[in-house]
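Enquirer: Quick mapping for you: the protein sequence lines, in order, are chains D and U. The numbering of the first sequence is my numbering, which starts it at 1 and goes up by one. The numbering of the second sequence is my numbering, which starts it at 1 and goes up by one.
The hints are simulated quantities; they were obtained by calculation from the structure and are not laboratory data. On a predicted model such as this, the values are computed, not experimentally measured, just so you know. What you were told as hints is all true, and nothing was included just to trick you.
Identical copies go unnamed one by one, so any copy, or any two together, can satisfy a pair.
Straight-line C-alpha distance at most 25 angstroms; calculated SDA-like pairs for lysine to any residue: (1) 378 - 415; (2) 385 - 256; (3) 367 - 427; (4) 95 - 2; (5) 95 - 39; (6) 378 - 14; (7) 378 - 7; (8) 384 - 85; (9) 95 - 331; (10) 367 - 248.
2 protein chains.
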Amino acid sequence: QGTRDHPPARVALRDRLLGTVVSCFKRHGAAAIDTPVLELRETLMGKYGEDTKLVYELQDQGGELLALRYDLTVPFARYLAMNKITNMKRYHIAKVYRRDNPAMTRGRYREFYQCDFDIAGHFDPMIPDAECLKIVYEILSDLQLGDFLIKVNDRRILNGVFAICGVPESKFITMCSTMDKLDKMPWEEVRSEMVGEKGLSLEAADHIGEYVQLHGGLDLIERLLQDPKLSQNKLAKEGLGDMKLLFEYLTLFGITGKISFDLSLARGLDYYTGVIFEAVLLQQQNDHVEEPVGVGSVAGGGRYDGLVGMFDPKGRKVPCVGVSIGIERIFSILERRVEASGEKVRTTETQVLVATPQKHLLAARLKLISELWDAGIKAEMSYKKDPKLLKQLQYCEDTGIPLAAIVGEQELSDGVVKLRDVATREEVRV
Amino acid sequence: QGTRDHPPARVALRDRLLGTVVSCFKRHGAAAIDTPVLELRETLMGKYGEDTKLVYELQDQGGELLALRYDLTVPFARYLAMNKITNMKRYHIAKVYRRDNPAMTRGRYREFYQCDFDIAGHFDPMIPDAECLKIVYEILSDLQLGDFLIKVNDRRILNGVFAICGVPESKFITMCSTMDKLDKMPWEEVRSEMVGEKGLSLEAADHIGEYVQLHGGLDLIERLLQDPKLSQNKLAKEGLGDMKLLFEYLTLFGITGKISFDLSLARGLDYYTGVIFEAVLLQQQNDHVEEPVGVGSVAGGGRYDGLVGMFDPKGRKVPCVGVSIGIERIFSILERRVEASGEKVRTTETQVLVATPQKHLLAARLKLISELWDAGIKAEMSYKKDPKLLKQLQYCEDTGIPLAAIVGEQELSDGVVKLRDVATREEVRV
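Go ahead and model the full structure; you've got the sequences and the hints to work with.
Expert: As structure tokens, this is what we get:
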């Protein structure tokens, strides 16, 4: 339940999609790493807040207690700490596992791909962060998914808002989890969760609500920097200063048109410490294709400066910022589009079918196809001893093979091959 | 234990290796499929004989009882039966899991890649089987691993030998398991296991021993077809007839020089029903590189006509033949060679580093690199605001970046970029 087989058409489309993502990661100079699907159970425990209960655990069959990785970020942090790496730009594309309620139509599975790009190291503020946003922009543009918006916020600004609204510091993280539900439920419901479950006063919640509705660009940053209360909060001021710097860099990248500084963005995970962001596709009126409603965010990420230190015996910190592309959601959109367009995705790359028009010519086919393979040409032939020519040509049409190399008795004695263009039916002797 | 992280240099080498394998599979017209890492526990149980105890099981956390896949063949058979597919040529490259005793120096892990190519369907005898052997030949040649030998046998011939030597049919499969140890221990030990553990008479074991020592080509097949006892056995005769046909096809492919019909080859798995084969690298005296001793087989496979039927409610059979490339063993050989040669494997593909020679030029770098990325050029820059030029150039040398695009104050005011060849130190203004 929540997993699925991927038939050839789906793998072909997925490989095309992953190709675009990998190209972008390589364009930005990232190296690839790989880690085991299995992690020590203790590595994963306590890293995902409430969602730790969704970790798949292996049976105790003797030896170590193991679990399946839940994301690629925690294994990356473990890898950095274990190998004492303080500086790295890496990407990792692999499957992760969550015992979640699957929602297959919206591309939510228990086994799914993550495509992560992260920059680890002590650097000057906001330069790697800006590159992560540029990467999201490039990938969503390259994939031609239609219009999109990248929401940006900073945990420090959020925490500042909480602080000046009277939320005790011990509740900051759980408040972020509640806030994170804002893209699934209206503010009124989030507000009542804050008051009912999290024990906030109505006034505090309403005060938070005023800030949370704000979104904009540099103008909003400037306004909040002048905000009499918020500007007094050290964390918020730091966050707003960095946000301003970030927008400067994004202006140089020419991508601010699709970036929105949005105070309602919180992100669910515990480990974020600075900039956070999330990309959403904008609903569009499209004459031909019905876009699935509520596909949600298609990319997200942020800065997590404390995670690596949790795996280091001496607690040495390695600041990190990274982005994860929601490839499964994007895939389910693309798959629907391909279906709607009636485009036939080829599942093989075969260039030529070696065919025979008469019986007793298997040896000729085997000899010719062997020559073609040895010359690096992608070739197939029927596994029947004496297949009918019509069936062989039909196979070309069904699978999109563009050429048939036909050897009959005449061709054999003339020492030639008849090369047939399957679409035009033109034939040449070569 | 038995798993490992793969740092960038290893992933880069692995991707190169997998690229060669995938090219060959595609050259032969195979489509890719993917299946979940998780299978229902019942799917895997009873498919691997004694080795079923090596299957990793997931903890019962409610819902289905799951296990990690042990190989790619059983999931493929399950996939065919579940989707009622009777005809397919597919490849699948993915990780599998075995709670085995790891022997990391010899490339044996608990998590490792398998690269499988299989042909399913009712066809004329030995045509797909011959293609599988051609594939092994091509891949081992393409990888330039040095001299190799592909041993071929047929379960039907082996069973015929057992029958005429007086082994009861109920012991055929367990006899194959014992025979399979012949590449790890001498005949004397295998013989005493046959007599001691499997309860064979000394005469029967010695009689088997006579056959088991035989290996050769078409001549041996002809001789055995004349063997007064063996030729009387229906199964053996069928197997020998097909072996003759196989050698005819392999002759047309021009690869018999590296094929040996070897009666000692048994293969461990229960599910084989016909042709079986295994490729081994031949020990070579190499002046430069010490080859690891006992790397064992680097590819293997065979025909399994009954497996798909085990997953079909009506038991409908889909004959299959396939090959698995032992990529981890090959990888450990290649890795040792690369280490010995001192070759530096680049882990990124970056073409140009955007650099500045003075302070306060971050904006110029950000603008230029953005242009390069947008033009599809693989580019990096330092994440420091004001990095030293020497450090930037040193980074190019360390990571193999061939070009540096330098923007200084002079270049900025002239509206040019200084393009520096890192190796030759030549510079041009563009």
